[in-house]
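J.: Each chain, letter by letter, is given below.
2 protein chains.
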Amino acid sequence: MRIAIDLLGGDNAPAVTLAALEELVKLHPEWEYLAVGREEELARLPKAPQIEPVLCGSMMAMDEDVRNLIRKKDSSIWVATELVKQGRADAIISAGSTGAQMTAATLLLGRVKGVQRPAIGTVLPTLQGGRLMLDVGANPDCTPELLLQFAQMGATYVHCVLGIENPRVGLLANGTEDHKGSELTKATFALLKESGLNFLGNREGRDLLSGDYDVMVCDGMCGNIALKSMEGAIGALMQMLKTQFSANLRRKLGAALVMSGMREVKHSMDYQEYGGAPLLGVNGVSIICHGSSKERALVRACEVAVQCLESRFVEKLGQAVK
Amino acid sequence: MRIAIDLLGGDNAPAVTLAALEELVKLHPEWEYLAVGREEELARLPKAPQIEPVLCGSMMAMDEDVRNLIRKKDSSIWVATELVKQGRADAIISAGSTGAQMTAATLLLGRVKGVQRPAIGTVLPTLQGGRLMLDVGANPDCTPELLLQFAQMGATYVHCVLGIENPRVGLLANGTEDHKGSELTKATFALLKESGLNFLGNREGRDLLSGDYDVMVCDGMCGNIALKSMEGAIGALMQMLKTQFSANLRRKLGAALVMSGMREVKHSMDYQEYGGAPLLGVNGVSIICHGSSKERALVRACEVAVQCLESRFVEKLGQAVK
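First to last, the sequence lines map onto chains A and B. Going by the working numbering, the letters in the first sequence line up with residues 1 to 322, in that order. Going by the working numbering, the letters in the second sequence line up with residues 1 to 322, in that order.
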């Protein structure tokens, strides 16, 4: 397996990407790593026969307008994705601009035959383990047919990567009753019911972290808002707890005693364990990592990429959307 | 002030509504309360000259199809709303079915002149205090013109009830950049920019609990999903903490020491303090309480109702949407 790694992507790049490479060579010495960076990053690469430096000339900033990409064909994400197109790499991972990664993959690798539009999935850390939600931002405007494809692509992904047979598919709506929803979700409901998928019906925001589903389907607007609302709520709550737990000596002592428990909760809610979000529907394996990814998340992303390759995920996705 | 109270609405009715009445008579003996219930609930009313019993024959269940309302004109929510229509009450509060309350208000009280569709707001417990988000479920499908009206109605509400001058209005989207969003939010962005409102631009899910805004505007689908996603995330996190904090003796001891801090956090994130969500755009004051409201929330809802009346909220809303 040969994995292209964007050294420049992410809030903590290149320190974190370089550290991840070092870790990867130890954990998975059987894989090859094509490390894409400028001269200054390549000079800092760990020395290992598994690591091949690939020079790029620029980078796409996290908040840069995606339309710039077409004029930045020397950017790390474009160069890394081209490696897959040329057959020099089997997969790519990046913690850089999600929009740029998705655009590069769509333009260079193309879509799987039959796929209308690629989607971005994310694995949510639920009370019952990882569950897939898609789309979380690639497609703010959707049709029922598009959402049906997301369901098919998502079900294929959790089958291939999470090993789930006959995945349960929920439709994110404003209530669990069958008649609830927007015009979009009502029409999607009808399609999903006839789809042959294991369709659970409508589910709502508060079901997202319960984990009583395997794939949650929604348009990119609702998915993005749900995801960030949960991130924000958890962040706000943690901040409030921190303030309260240091309010007096008694609580400070108590906080010291429960600290390991808080860490475990933080750990189990940590997306890092799930190694990034797959880009579904492009003709190749491109794993999107959170901008704030640490080594662990990047390592996991490579493992997820290899699972995609070994389970022939892209091929199976093509069969699912037929 | 005469407030109609739906004794039958809510998960904890009538015990909680009866207890709230007792509290209200103590706290606000200057107001009158029209308590709407069946004979069995009216028999349990606290004895007080401020409380007037009003008989109804049935109720709308929490999960009952709203379309049933039209055939249940003896239901508590219909009878209570009629009291406002007849001028016997100035406002109504209920913790029953949101859909039924909204439908009763729309059919009986009608919309404020100029209002296309009423919206449901909710006051979010942010790190900086209460902030209004709307719509949270009444309108799953919206137009840009509708969202503009929500902004105008929301700004009027926070001005009248929360006392905020020149409220800052955010538009909920899938990113903070101006070019982000769906077709709907992009068109709304343009309208809000020209509206004369204090428009902040796009905001995302993780901004909802930060509180760097006064009014957050969105369609009912996104608002509902955001709200319930946050509720679900906080619930899941609290559950995980509880499990971890009782995992061993050391943590149990620590948990006992920080318990008061956890309670304060729970309290500050509690919607009960904000007393329910206003129904905006109907020609009268109708305050929607959370189904799981306790006494405190119902008391606050009555106080909010009176603030609406004293600030002439409905009249000002009509001027704002002109």
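Hints are supplied without guarantee of correctness; some may be wrong.
A pair counts as met if it fits within one copy or between any two copies, since identical chains are not told apart.
Unchecked claim - Listed below are the simulated BS3-like cross-link pairs for lysine-lysine, each with C-alpha atoms no more than 25 angstroms apart in a straight line:
#, residue 1, residue 2
1, K266, K193
2, K47, K316
3, K294, K316
4, K242, K47
5, K85, K322
6, K47, K294
7, K73, K193
8, K186, K26
Calculated from the structure, these hints are not laboratory results. For clarity, every value in this text was computed on a predicted model and none was experimentally measured.
J.: All hints are to be evaluated individually against the structure, with a verdict given for each.
T.: Status of each hint after checking the structure:
1. K266 with K193: neither (37 angstroms within a copy, 39 angstroms between copies)
2. K47 with K316: For K47 and K316, the Cα distance exceeds 25 angstroms both inside one copy (37 angstroms) and across copies (70 angstroms).
3. K294 with K316: neither (30 angstroms within a copy, 52 angstroms between copies)
4. K242 with K47: For K242 and K47, neither the intra-copy (42 angstroms) nor the inter-copy (46 angstroms) Cα distance is at most 25 angstroms.
5. K85 with K322: within (23 angstroms within a copy, 57 angstroms between copies)
6. K47 with K294: within (21 angstroms within a copy, 64 angstroms between copies)
7. K73 with K193: Answer is neither: 43 angstroms inside a copy and 35 angstroms across each miss the 25 angstroms cutoff.
8. K186 with K26: neither (50 angstroms within a copy, 48 angstroms between copies)
In summary, the structure is inconsistent with hints 1, 2, 3, 4, 7 and 8 from the numbered list given earlier, while agreeing with the others.
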